[in-house]
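In order, the protein sequence lines correspond to chains V and A. Per full-length UniProt numbering, the very first residue in the first sequence carries number 1; after that it's consecutive. Per full-length UniProt numbering, the very first residue in the second sequence carries number 1; after that it's consecutive.
Among these hints, one or two may not hold up.
Claimed, not checked - Simulated DEER-style distance windows between Cβ atoms: (1) V/G237 <-> A/K172: 42 to 48 Å; (2) A/E222 <-> V/D103: 28 to 34 Å; (3) V/N253 <-> A/E34: 48 to 54 Å.
Said to hold, decoys possible - Mimicking DSS-like on lysine-lysine, the simulated pairs with C-alpha atoms at most 27 Å apart in a straight line are: (4) A/K178 <-> A/K152; (5) V/K178 <-> V/K216; (6) A/K152 <-> A/K196; (7) A/K56 <-> A/K80; (8) V/K216 <-> V/K152; (9) V/K56 <-> A/K233; (10) V/K172 <-> V/K196; (11) V/K152 <-> V/K80; (12) A/K56 <-> V/K233; (13) V/K216 <-> V/K196; (14) V/K172 <-> A/K260; (15) A/K172 <-> V/K172; (16) A/K216 <-> A/K152; (17) A/K216 <-> A/K144; (18) V/K144 <-> V/K178; (19) A/K216 <-> A/K334; (20) V/K110 <-> A/K178; (21) V/K152 <-> V/K178; (22) A/K152 <-> V/K178; (23) A/K196 <-> A/K233; (24) V/K260 <-> A/K334; (25) V/K334 <-> V/K56; (26) V/K144 <-> V/K172; (27) V/K260 <-> A/K233; (28) A/K233 <-> V/K110; (29) A/K196 <-> V/K110; (30) V/K233 <-> A/K260; (31) V/K196 <-> V/K144; (32) A/K172 <-> V/K260; (33) A/K233 <-> A/K152.
By construction, these hints were calculated from the structure, which means they are not laboratory data. Positions of the beta carbon are idealized from the N, C-alpha and C atoms, including for glycine.
Each chain, letter by letter, is given below.
There are 2 protein chains.
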Amino acid sequence: MSLAHGYAVHDQTAPLVPFSFERRAAGPDDVRIEILFSGICHSDLHQARDDWGGAKFPMVPGHEIIGRVTEVGANVTGFKVGDFAGVGCMVDSCRHCAACDEDLEQYCEKGATYTYNSTERDSGQPTFGGYSDHIVVEQRFVVKVSETLDLKAAAPLLCAGITTYSPLRHWKVGPGQKVGVIGLGGLGHMGVKFAKAMGATVVMITTTPEKGADAKRLGADEVLVSRDPAQMKAHAGSFDFLLNTIPVSHDTNPYMSLLKRDATMCLVGVLTELDPPLMGASVMFGRKHITGSAIGGMAETQEMMDFCAEHNIVSDVEVIDIKTVNEAWERMAKNDVRYRFVIDMATLEKAA
Amino acid sequence: MSLAHGYAVHDQTAPLVPFSFERRAAGPDDVRIEILFSGICHSDLHQARDDWGGAKFPMVPGHEIIGRVTEVGANVTGFKVGDFAGVGCMVDSCRHCAACDEDLEQYCEKGATYTYNSTERDSGQPTFGGYSDHIVVEQRFVVKVSETLDLKAAAPLLCAGITTYSPLRHWKVGPGQKVGVIGLGGLGHMGVKFAKAMGATVVMITTTPEKGADAKRLGADEVLVSRDPAQMKAHAGSFDFLLNTIPVSHDTNPYMSLLKRDATMCLVGVLTELDPPLMGASVMFGRKHITGSAIGGMAETQEMMDFCAEHNIVSDVEVIDIKTVNEAWERMAKNDVRYRFVIDMATLEKAA
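Let's have the full structure, built from the sequences with the hints guiding it.
Here it is, written out as structure tokens:
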């Protein structure tokens, strides 16, 4: 056991405050990581406010973790002390079901163990996330981070990155395709970068015309303002794939009209109701698909980190002092961030 | 031009009444068909009541037509006088777009011309459907009907049949798969027959336990009562494909939980809102798909008719006298039909 320091919320209306807790000792398959940077994901706020139910308090959020390895167990083969390492949304799974066997731990049939707001499979202890100084994670759930990446800007790859990379790969986005990324936030800005790096023609679809210039800077070939009926009509029936990153309930029907026959829109942001409701006609005429995707498996997360190193892709981040984390959450709730806050964990003052 | 006799509704609250109108002369590519049987589809009622908007009155419904060829144009190669022929939901399309080129006229990019409640492409005249004594249709939109089929019971194949056959083929349903058919009505009972004939293990999913015995008679291997939480839990995550034939708004989320990872539920009945709304989580956890399918192309409709002749598949029908058609509509609205009404057109009294 080791004493960890971080920030936690103690109930669903409370701010983040300093918090100390125990981490388990590193077992033979574990990697101990000193956390250098921890990204702030919109889902941190959803979970702290118990928007999805099942919140466990105290809660130490954070699942976009970049750090340095400080200890490895006897069976650990892929990491050594001093390596840079990343931890994302999961820290364990059953490892024996069909999904785990196919390296799709995120769809573990017994349910994955999440990095925070979850329960360790062996000990039954709560999991605590990356808004803290160190973490102990089984090696399967740790990825290698290239030294060539800007570490602070690499932190959001562990959630925003893999969440957008995985569906673009699964639905085989590539050259000759017209791909739309809906919503320009933490997920959307990564979707644009990845889809462009994969060779597609990328259209940023946004309600906010002001984001157009930035979308093009990120790599978008074109910008479609979804509130403009003339623009929507001009693009009707033209998209091979849509990556929908909107994190709140919204009307999906206008976006379905943008798809070609037999094409797919994938949801990665919204877990709750699609309201106003989807119309049957929106999928029936043109045999269109609406689907969703959750993060990615560990092998694919490593593939994504390597793809980022190869293509020099990181997130656009605003680095903050952990003492300002509550203000950052307030700004994130208003979409006032381009495009991801990352906590510099060196700013954490450790209690005696 | 030729005088046709049939039944029409004259406004969205009116009953069907006798109606006479002109059919076009048979052009060089046309087939003239004496209508023997005309199926009654639930969408006849939807359109007559203007549930989907755009109703044109007077309206002669009917798009499940079986008849005998009485005249062929000079260019007609596939039909001769005396042949049995079928006409379904479409009588024309642009014939030049990508969809038409792929024999998917139902997804014609210019919009297909429907058998009734639509407008002829050349003349601009309204189209009138199968609740009538004869019809004139371009040869591409007419299918051959085997003499071995029970003609009255073959009529519903032209809509209920192709609507269920096409998605089962498109999503490659076959041996080794567990397929669910949701809703036991005109579409659902055909879905069970086709999925079984294609070699799948078929589960009838219904809210009505009383329909269980009949579902098994139709070919279902098992019956799942969707209102029983224990049964739903026992089948969770086990289906390779779901064919959802429910024709009205309903909660799709419980059905999504029945699908395996990466599996698809296809809507063929409901055009309107899915209310209560679909949850993002219902597709995201397991990368599940919700899609839809509309009837089928003409080549596939012919393939389906041939498949039916080969496997001796027809609909379960209740044949009626056209003078009782309004009562049949009332019963259909209450799901009081097993499983399709078919009008015997010999009962039509022709006005002088």
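Starting from A/K216, check that the Cα of A/K144 is at most 27 Å away, please.
-> 30 Å, violated
Pair hint outcome, V/K110 versus A/K178 [Cα-Cα no greater than 27 Å] | Holds - the C-alpha atoms of A/K178 and V/K110 are around 22 Å apart, at most 27 Å.
Regarding the pair A/K216 and A/K152, is the alpha-carbon distance no greater than 27 Å?
-> Given that 27 Å is the threshold and the Cα spacing comes to 23 Å, the pair holds.
Range hint 42 to 48 Å (beta carbons of V/G237 and A/K172) holds or violated | 25 Å Cβ-Cβ, so the 42 to 48 Å window is violated.
Sort out whether V/K233 lies within 27 Å of A/K56, counting only the CA atoms.
-> 26 Å, holds
Does V/K144 lie within 27 Å of V/K196 when you go C-alpha to C-alpha?
-> Distance of about 24 Å is within 27 Å: holds.
Going straight from one Cα to the other, do V/K233 and A/K260 come out at no more than 27 Å?
-> Violated, because 36 Å separates the two Cα atoms, which is more than 27 Å.
For the pair we were handed, A/K196 and A/K233, check the Cα-Cα distance against 27 Å.
-> 24 Å, holds
Take the C-alpha atoms of V/K152 and V/K178, compute the straight-line distance between them, and say whether it is at most 27 Å.
-> 31 Å, violated
Are V/K260 and A/K334 close enough, with their CA atoms no more than 27 Å apart?
-> Not satisfied, since the Cα-Cα distance of roughly 37 Å exceeds 27 Å.
Agreement of V/K172 and V/K196 with the hint, judged by alpha carbon distance not exceeding 27 Å = 13 Å, holds
Would you check the hint for A/K178 and A/K152, treating anything up to 27 Å between C-alpha atoms as holding?
-> 31 Å, violated
Consistency with the previously given hints fails for numbers 1, 3, 4, 7, 17, 18, 21, 22, 24, 27, 29, 30, 33, ordered from lowest to highest.
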